[in-house]
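> From first to last, the protein sequence lines are chains B and C. The working numbering applies: residue 1 is where the first sequence begins, and numbers increase by one. The working numbering applies: residue 1 is where the second sequence begins, and numbers increase by one.
Careful: at least some of the hints might be erroneous.
Stated by the list, open to error - Footprint (simulated), chain C over chain B, 3 or more residues, beta carbon under 8 Å:
| id | stretch |
| --- | --- |
| 1 | 27-40 |
| 2 | 171-183 |
| 3 | 195-205 |
| 4 | 220-229 |
| 5 | 233-243 |
Said to hold, decoys possible - Here are a few chain B residues that sit away from chain C, every Cβ distance over 10 Å (derived from the structure):
| id | residue |
| --- | --- |
| 6 | Leu2 |
| 7 | Ser50 |
| 8 | Thr52 |
| 9 | Glu150 |
| 10 | Arg163 |
| 11 | His164 |
| 12 | Phe263 |
It is worth saying that the hints were derived from the structure and are not from the lab. Since this is a predicted model, take the numbers as computed values, not measurements. We treat Cβ as the ideally placed atom computed from N, Cα and C, and that holds for glycine.
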Amino acid sequence: MLVDVHAHFYHERAGRADWRERNASRLEAGERIGIRWHVASILGSWGHTSPTYFPSPSDLSFANERLRALCHEHPGRIRGYVAVNPNFTAHALEEIRRGVEAGMAGVKLAASRRADDPLLDPVCDAARPRHLPVLHHIWQHRRHEWPGQEASDGVELCRLAARHGEVAFILAHIGGGGDWQHTLRAVRRHPNVYLDLSGSGVDGGMLDSALRAVGSERLLWGADVTLCTGWAKLRYLERVLRPVDLELVTGGNARRLFPAEAFA
Amino acid sequence: MIDVNVLLGAYPWRAISGTEPEEVTAVMDRLGIESAWASHLPSLYWKDPAEGNPWLYEVCARSRRFQAVPAIHPGLPHWEEDLREAVTHQAVAVRADPGLLGLAPLGQPMLQLVEALAAHGMPLLAAVRLEDGRGRHPLDVAPELAPWAVRGWLRHSPGLRVVVTHADRGFIEEVHFGSTPTESARVWWDISWVWGPPEDHLAHLLATLGPSRFLFGSGQPLRLAETPLARLDLLSLDPADRALIQTGNATALASRRVPR
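Isolated chain B (complex conformation):
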């Protein structure tokens, strides 16, 4: 069972005329690759009416509602993360509550607030009793501030993970740019931090280093916005991993992290 733990979809307020084509393209490519489940989020309006990484509460509510509708349209293919902005605590908690009621499987944090900020604690507290993993957008080794986002790196996420040992954190896209070697050092001693392999980066040695750093038990396959690089990484893993380890990375770990009913 192949699970893409880092997928995205678009909607009619995402500011792009081709949003339907992009959604269809993801699903079509997923069929070709053999993706059983796309676990997806929608980051507000993708910058159209509020910034992608600082989405407004109303944009998040709309996006989460559209994602719930997509899950309903594709009940055997799409699962959803509730995307929240931790600067709006009450709204975030209400979105999580509403999402869980509708079967959402995780929480997505983009880059609206540094990962180790106390404002993320209530979000994690809400995720814990519902067994929701928290997928956190990460800049691999953030050496300085970046425009358009309050980016966090692995060290900062691990501080949050240390405070919430019973929550599973998915460190987003080690292939998504930045210095993944820094991330691999940061996460070694944090057993509740899992790495998603998504991103356009296909650096030689990255997958082998990730396996050495955390083992197949803490790696999750994903694609993000480039399914081609995701498939390339999957093909590489199919060659180097034992079947039992490959099964963990491609779906077994996800089955363990997400709520039991997520992939039923």
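Given the structure of chain B, go ahead and fit chain C onto it with the hints provided.
Coordinates of chain C only, in the frame set by chain B:
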């Protein structure tokens, strides 16, 4: 299948395994890649990159799987001798990455090189980048190749043919539609950095530029060699078009040498 973007030898900025020719050959065997256009990776960072060419020629002489893409620094005295050597060794192209050489892309040395390459019928190969700029070593600050540089080369030397590796959709479109049809017919792009679904940049470019402009290239072993194959497998390509990208275009490019 011909991979036009292969780099042999150690990388100065991080440890990478599988950089020896025999190891790259094993990957090629596994993926069905018959031959590769190869450069010597370490010497791209040397003060005189041509010092890596004898090793490259030796590798290519030993294994017909590799075709040499030697590096030349046109800012060094008597670089023309390195070009003559490349011609003698039947190099498939010559590479000059102005950012790595510390040269202005449209300065006199680069323009003299492109003139000489055009005269020899030898393609110029240049990379936009070798790694994602966000992940590079703090001392690896060489500027990326810019689209205006490629446009400038094409305009400066009407006979020049250029192969650009590691370019994304925006770069490719900027050069293609910023050039006349005659100019853009002299530049080829590898698909190592062009996104597939769901953005479908590669499918879009194949529809707008046509398959004759694209080459199969991976950037291995700095990047996973599986990537361009996955990209092609995600397209609904006519087999003839796929054959052009995988082999035909590179073969035609290599065989259209104009003897001086």
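> Tell me the numbers of any earlier hints that the structure contravenes, in ascending order.
none
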